[in-house]
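Listed below, chain by chain, are the residues.
There are 2 protein chains.
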Amino acid sequence: MTTTSATAKFVLSGCSPSSSPSTSTAPNRLLPFTNLNFKCRAFHSDHRFNRLLNFHAGYYKSPAFLCTRTATHSPSFTAAALATEASAKIIDGKSIAKDVRDEVAAEVSRMKEAIGVVPGLAVILVGDRKDSATYVRNKKKACESVGINSFEVRLPEDSPEEEVLKHIRSFNDDPAVHGILVQLPLPSHMNEKKVLDAVCIEKDVDGFHPLNIGRLAMRDREPLFVPCTPKGCLELLHRQGIAIKGKRAVVIGRSNIVGTPAAQLLQREDATVTVVHSRTTNPEEFTREADIIIAAVGKPNMVRGSWIKPGAVVIDVGINPVEDAKSSRGYRLVGDVCYEEASKIASAITPVPGGVGPMTIAMLLSNTLVSAKRIHNFK
Amino acid sequence: MTTTSATAKFVLSGCSPSSSPSTSTAPNRLLPFTNLNFKCRAFHSDHRFNRLLNFHAGYYKSPAFLCTRTATHSPSFTAAALATEASAKIIDGKSIAKDVRDEVAAEVSRMKEAIGVVPGLAVILVGDRKDSATYVRNKKKACESVGINSFEVRLPEDSPEEEVLKHIRSFNDDPAVHGILVQLPLPSHMNEKKVLDAVCIEKDVDGFHPLNIGRLAMRDREPLFVPCTPKGCLELLHRQGIAIKGKRAVVIGRSNIVGTPAAQLLQREDATVTVVHSRTTNPEEFTREADIIIAAVGKPNMVRGSWIKPGAVVIDVGINPVEDAKSSRGYRLVGDVCYEEASKIASAITPVPGGVGPMTIAMLLSNTLVSAKRIHNFK
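Quick mapping for you: the protein sequence lines, in order, are chains D and G.
When we follow this note's numbering, the leftmost residue of the first sequence carries the number 7, and every step to the right adds one.
When we follow this note's numbering, the leftmost residue of the second sequence carries the number 7, and every step to the right adds one.
Some hints here could point you the wrong way.
A pair holds if it fits inside one copy or across any two, identical chains being indistinguishable in the list.
Claimed, not checked - As a list, the in silico EDC-like pairs of lysine to aspartate or glutamate whose alpha-carbon atoms are at most 20 Å apart: (1) K200 with D226; (2) K200 with E228; (3) K385 with E295; (4) K147 with E119; (5) K332 with E167; (6) K199 with D276; (7) K100 with D164; (8) K379 with E109; (9) K251 with E113; (10) K172 with D226; (11) K385 with E163; (12) K172 with D297; (13) K315 with E329; (14) K315 with E295; (15) K251 with D276; (16) K199 with E228; (17) K172 with D108; (18) K315 with E291; (19) K385 with D108; (20) K199 with E346.
Source of the hints: derived by calculation from the structure; they are not laboratory data.
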């Protein structure tokens, strides 16, 4: 877990999501995700990607990150920020995800009526992590809600790797299954890369296979599947009517499953893309020039208001739990973007929760439908 | 050919490579590459990549491109530019390529002595294009110079696609062949993608396979081969001791075989990379902030001195023929960068010819060696 490494020293200075504005003077502290009795609501994202995000703890020691709103502002930026009282349009991921699910449900129904085929998603869960169990349960519920069949295999923590591979091979050959997911993380005795690569590319609805990522990166090539979270980010932009072509975009984070494919997708739509990462000296210098920011770091409130160009669009992929004594759960979720500050500067922004999160599962359903249609050549 | 599209209206205002400074008042005009009786010297690059570069002619109508040196300069830039008389270090691609070839030759020899295996490169040439024949001849000569066996198949222009595929399959199965190249362009009746994909990935020394590009894009994955031209660009930086980590890099052009893998390679070495392309509104705003520029556009002299930050490193991938009445051949080669201007601003720059060009074939030899070593598990 990348989020745990910076926990001990981490202090957030008065930046909280608008859904629960903090008036407390007590600093919010980051919580290690794994230690939480994490009750995720339906359609919230899981942390399959968070653990793979590649920011380093050292990054966050920079003054820019720990700064208050008065620091690091350029004069022109400060003037513009002070001049505006308008709040950003909140991009309602819950509502858009519902639209997507409704569309998937309609297509699933049309397919069933036309050719008698029902798309099927298989999920393999190894071990008894509560959070993983929650994510799998949510995926199952999401499938049910749109009429997609779901198949589930639960294996004990100490299962041999071969047991997982055997089930993958079985699903690869099963004509009722059109998508296969292996819930991450796997127990440490398993080779994650080997297990993931065993999923046949035609059913790799996560879209993480290198062949798929290669096709995504290349002009005149088409991926079989677009990874769910970045696909969800682009879907939000599309459905909000936000232009991408010719715009400056900055993706923060270069993970295989969010940052890299998000950058590829933006470039495919003719944005000029910069990928900012843990070795970027002054990330805010890049973000301040961006028309579109996608933050996929896994670090709470990293992107401050001062990092954002007035009028920019901000897509916040992070879902980070921070301690919150006022919450009955003892924590609350915040994004990679300091929502309180950013929502005063940006023209549109995704909230956390309720932004990108709900889109991830919606895109998984969409990918499963795409797969079934392709396998059965159904238009 | 992308270079032909802008030919008619193209006028270059006094920017010529220092190797043949133009004092003529007559404008230089771009030549369509295909119409030239192009006599390439050994180890010059071929235009396998030029035809795949993806800049659009519309781009070059912008004032920034047609500007003279006095236009579009920011005050600070102009001051800095005027203040310096120093010339950039010329990165001698010919010399570095020779070093690489010497190293490959030594390894080929060591391998032969140790296990009796000689690396082999097969080239398939379809049709009778003079330029293609020249490139194939150069590759053959380069192989000979380092002790790599070369195999060649020449097919008539009207050969059926199946004939090409048959030869590829035969080379795929031939243990004496460790690398396979299909010389591009293929005749128009052939499906280039299908032909290229027929080369087995273990022998795809060009490194253009999507699986390879995917691995290059992903963290914790390794490509089997790095495409030759971008590999050559990075090799130049490495051998000049130019730091990449933490630097700002701008790649101009997003082709599958130069721009995209060049950006991936730079990011793998922890540069913060922006890819500028035909839909970027003000490319010079990005290049002016860059510590490292790789220009891979296929448009002569597009990058002016005013586009470059003082002290930046400039790698020029372009090899463009322009009319030159003073040359016995009637043309000369220029890069994508206006060398005359850029060499006064940059700290280091590759010339054209003699920069990236010689590196491409050197890297092809290197990749063939890498392949033979891997297939025979020779360390």
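Going down the list of hints, with the structure as the test:
{"no.": "1", "hint": "K200 with D226", "verdict": "between (29 Å within a copy, 13 Å between copies)"}
{"no.": "2", "hint": "K200 with E228", "verdict": "between (24 Å within a copy, 14 Å between copies)"}
{"no.": "3", "hint": "K385 with E295", "verdict": "neither (41 Å within a copy, 47 Å between copies)"}
{"no.": "4", "hint": "K147 with E119", "verdict": "neither (22 Å within a copy, 64 Å between copies)"}
{"no.": "5", "hint": "K332 with E167", "verdict": "neither (43 Å within a copy, 70 Å between copies)"}
{"no.": "6", "hint": "K199 with D276", "verdict": "neither (31 Å within a copy, 23 Å between copies)"}
{"no.": "7", "hint": "K100 with D164", "verdict": "neither (37 Å within a copy, 57 Å between copies)"}
{"no.": "8", "hint": "K379 with E109", "verdict": "within (14 Å within a copy, 52 Å between copies)"}
{"no.": "9", "hint": "K251 with E113", "verdict": "neither (29 Å within a copy, 48 Å between copies)"}
{"no.": "10", "hint": "K172 with D226", "verdict": "neither (35 Å within a copy, 25 Å between copies)"}
{"no.": "11", "hint": "K385 with E163", "verdict": "neither (41 Å within a copy, 38 Å between copies)"}
{"no.": "12", "hint": "K172 with D297", "verdict": "neither (47 Å within a copy, 50 Å between copies)"}
{"no.": "13", "hint": "K315 with E329", "verdict": "neither (30 Å within a copy, 45 Å between copies)"}
{"no.": "14", "hint": "K315 with E295", "verdict": "both (6 Å within a copy, 18 Å between copies)"}
{"no.": "15", "hint": "K251 with D276", "verdict": "within (5 Å within a copy, 27 Å between copies)"}
{"no.": "16", "hint": "K199 with E228", "verdict": "between (23 Å within a copy, 12 Å between copies)"}
{"no.": "17", "hint": "K172 with D108", "verdict": "neither (34 Å within a copy, 49 Å between copies)"}
{"no.": "18", "hint": "K315 with E291", "verdict": "both (10 Å within a copy, 16 Å between copies)"}
{"no.": "19", "hint": "K385 with D108", "verdict": "within (18 Å within a copy, 57 Å between copies)"}
{"no.": "20", "hint": "K199 with E346", "verdict": "neither (38 Å within a copy, 49 Å between copies)"}
Consistency note: the structure conflicts with the earlier hints numbered 3, 4, 5, 6, 7, 9, 10, 11, 12, 13, 17 and 20.
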